[in-house]
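Q: Sequence:
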Amino acid sequence: MNGRKHFVEKRYSEFHALHKKLKKCIKTPEIPSKHVRNWVPKVLEQRRQGLETYLQAVILENEELPKLFLDFLNVRHLPSLPKAESCGSFDETESEESSKLSHQPVLLFLRDPFVLPVASDFPNVVIEGVLHGVFYPHPQPR
1 MNGRKHFVEK RYSEFHALHK KLKKCIKTPE IPSKHVRNWV PKVLEQRRQG
51 LETYLQAVIL ENEELPKLFL DFLNVRHLPS LPKAESCGSF DETESEESSK
101 LSHQPVLLFL RDPFVLPVAS DFPNVVIEGV LHGVFYPHPQ PR
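Just so we're aligned: 107 in this note's numbering is position 107 of the sequence shown, and the numbers increase by one with no gaps anywhere.
Calculated directly from the structure, the hints in this document are not laboratory data.
Bear in mind the structure is a predicted one, so any value in this text is a computation, not a measurement.
One or more of the hints may lead you astray.
Heads up, simulated SDA-like pairs for lysine to any residue below, C-alpha to C-alpha not over 25 Å straight-line [stated by the list, open to error]:
1. K21 to N62
2. K21 to V40
3. K20 to L55
4. K34 to R48
5. K5 to V36
6. K23 to K42
7. K23 to W39
8. K24 to L55
Taking the hints into account, I'd like the entire structure generated from these sequences.
A: Now the structure itself:
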């Protein structure tokens with residue numbers, strides 16, 4: 001948000017509670033499912049990525065973000081954004097503030113760019129030159 005990365009440590013149940021509250025007032029994507037008692041690192045990483053995608057989709061699909069969403073992410077203020085209507089705060093206080101994201105870009109990778117093969121038709125001249133020099137040395141004239 002606002003060109004910065006934000007990190008929060010929350011339990012899945014907290015994300016699910018947020019989802020239920022957000023569904024009542026804004027457009028929300030499907031929340032990733034929870035795999036019961038599965039502590040395998042690969043599964044946990046997939047769940048983390050799914051929840052990150054969920055949060056990014058909430059931001060992309062909604063021009064106005066309620067205060068409860070910003071509170072959940074521990075984002076206290078977005079200085080250049082106007083206030084708009086809200087569906088309440090995360091802790092059920094009477095606050096009616098929210099922020100509007102209309103021009104703030106959000107970086108979203110649909111796939112990991114470092115895992116994908118390079119799509120360039122140009123050869124990597126530096127790597128080819130080094131490999132050629134190491135594995136195919138030319139005889140030096142005497």
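Q: Which constraints among the numbered hints does this structure fail? Numbers only, ascending.
A: 2, 5, 6 and 7
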